[in-house]
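Since chain A is already given, all that's left is putting chain B on it; use the hints.
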Amino acid sequence: MSGISPRDLERLSAYLDGALQARDRDQLQRRLRAEAALASALKDLEGMRALVRRVPQRRPPRSFTLTQAMVGAEPKRSFAGWNSLNLVSAVATLMLVIVLAGDFWAGGLQPLDAGAPAAEEAPQAFLAQEGDTSASQTPTSGVGVESAEETEELERHAPPEETGPPAEESAPFGLRTFMLGNARPLEIGLGLVAFLSGVLAWRARQRRRINSR
Amino acid sequence: MDEIQLIQAAQQGELEAFNHLVISYQGLAFNVAYRLLGEAASAEDATQEAFISAFRNLHRYRGGSFKAWLLRIVTNGCYDELRRQKRRPQTELEPEGRGGEEAAQPGWLADPGEGPQELAERVELSAAIQRCLNQLEVEFRAALVLVDVQGMDYSEAAQVLKRPLGTVKSRLARARSRLQTCLQGFAELLPDRFRLNSEETE
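Sequence lines, in order, name chains A and B. With our numbering, letter number 124 in the first sequence gets 126, and the count goes up by one each step, no holes. With our numbering, letter number 189 in the second sequence gets 254, and the count goes up by one each step, no holes.
No lab work stands behind these hints, which were simulated from the structure alone. Incorrect hints may appear among the rest.
[To be verified] Each pair of labels, with its calculated beta carbon distance range:
hint, chain 1, residue 1, chain 2, residue 2, range
1, B, 149, A, 107, 51 to 61 Å
2, B, 229, A, 104, 26 to 36 Å
3, A, 204, B, 79, 19 to 29 Å
4, B, 152, A, 24, 45 to 55 Å
5, B, 126, A, 194, 31 to 41 Å
6, B, 149, A, 37, 19 to 29 Å
7, B, 246, A, 20, 40 to 50 Å
8, B, 216, A, 26, 22 to 32 Å
9, B, 68, A, 24, 28 to 38 Å
10, B, 126, A, 70, 13 to 23 Å
11, A, 39, B, 67, 42 to 52 Å
12, A, 45, B, 183, 17 to 27 Å
[What the hints assert, rightly or not] Stretch-level coverage of chain A by chain B, calculated; a stretch enters the list once three of its residues show a Cβ under 8 Å from a Cβ in chain B:
hint, stretch
13, 5-13
14, 16-27
15, 59-73
Where a beta carbon is used, it is the ideal one built from N, C-alpha and C, also for glycine.
So here's chain A without its partners, still in its complex pose (with noise of 0.2 Å):
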């Protein structure tokens, strides 16, 4: 076969096969019958490809049928949960962080406008608690004073800057009292969905990632 060319031996072996288009075979066919050579090529192409064809297959050793231990968890499920546990993830996360924004902007505002008199007022009533200590109240406070020990005593434990509003209604305020266990039920509801949801989508995960090695 060392004639011919590496374009015959393609046409050959693609007769061979029945793969060849009906105009280049009725053309190759009439090389064939003019061509010695050619066709002793396809003659021997022919001969080997029967050789190969009678190459014993061979009998698997073993089973191959797969158990629950070889793929771990069902695939699919185990996709579809991981999905859907990261999204409640981050639809709860995301839920949260609005909820404690809003809790931040409506605390964080409220006692600048309502801080704003109260800081002004807060040197007169000094003034006026200097002047006359036998005023029955702070201005500001709101909390009943009985004597001039106490007012000094309270003077002393409130600076000026605190005599506004109360301090759970001042700022920086949603995450504070989110940390000292004020929080309303959704944020803490939001937060252990978040929580729990993210976890068990970390571990489906993890568990996706050892099955898949």
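Frame of chain A; chain B shown alone:
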């Protein structure tokens, strides 16, 4: 259940349905892996890995020939294994027969209607062909194994190899030519009736 129903059930995670497919295709998958890798133990591992991978990736199967889809996983696994072997060449602890055939225990070759002489001839032939296959570049080898050894048509082989039909055609032609040249080197080892025509005419 027919094949499509088995595939659909397996896609829903039913391992038993998938195992029916495994039983149908394990012979073919193992033989393709064996002819590509030239060694039984590696072929066994590659076949098992391919079935595991097929089950895990069954959601990616979008119809068409399941056989071609599965064999693509098998051949890709074999390519990976051959690349690994190239990076880390290993020496066998136990010598095998020529071409990696386990010639000492050719029980798997036994054909009930075959005499010892014919069996010996087939073992020789199989070993010679495997040795020549191992010398081919892996892409040529794959084309030849799929079409000539497994009897696939060109379009099916093209699907398995994910190559255009023309590429498969030309690879097959070149693989046949090289295999023929290689087998001529084994002429005296091959029984008379297996000798190629050109040997007889010379």
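Tested hints:
Our hint of 51 to 61 Å for residue 149 of chain B and residue 107 of chain A holds, since their Cβ atoms are close to 59 Å apart. For the pair residue 229 of chain B and residue 104 of chain A, the beta carbons lie near 60 Å from each other, so the given range of 26 to 36 Å is not met. Our hint of 19 to 29 Å for residue 204 of chain A and residue 79 of chain B holds, since their Cβ atoms are close to 28 Å apart. Range check, residue 152 of chain B to residue 24 of chain A: about 48 Å between beta-carbon atoms, so the 45 to 55 Å window is met.
Between residue 126 of chain B and residue 194 of chain A the CB atoms are about 39 Å apart, so this pair conforms to the stated range of 31 to 41 Å. In this structure, residue 149 of chain B and residue 37 of chain A break the distance hint of 19 to 29 Å, their C-beta atoms being roughly 46 Å apart. Evaluation of the 40 to 50 Å hint for residue 246 of chain B and residue 20 of chain A yields a failure: the beta carbon distance comes to about 24 Å. For residue 216 of chain B and residue 26 of chain A, the hinted distance range of 22 to 32 Å is satisfied, since their beta carbons lie about 23 Å from each other.
Separated by about 34 Å at the C-beta atoms, residue 68 of chain B and residue 24 of chain A satisfy the suggested range of 28 to 38 Å. The given range of 13 to 23 Å is respected by residue 126 of chain B and residue 70 of chain A, whose C-beta atoms sit roughly 21 Å from each other. Taking 42 to 52 Å as the suggested C-beta distance range, the pair residue 39 of chain A and residue 67 of chain B conforms, at roughly 50 Å. Between residue 45 of chain A and residue 183 of chain B the CB atoms are about 24 Å apart, so this pair conforms to the stated range of 17 to 27 Å.
Check result for the stretch 5-13 of chain A against chain B: holds, 3 residues qualifying (beta carbon to beta carbon below 8 Å, three or more required). Only residues whose C-beta sits within less than 8 Å of a C-beta in chain B count toward coverage, and the stretch 16-27 of chain A has 3 of them, enough to reach three; the restraint holds. Interface restraint, the stretch 59-73 of chain A with chain B: holds (14 residues with C-beta to C-beta distance below 8 Å; minimum three).
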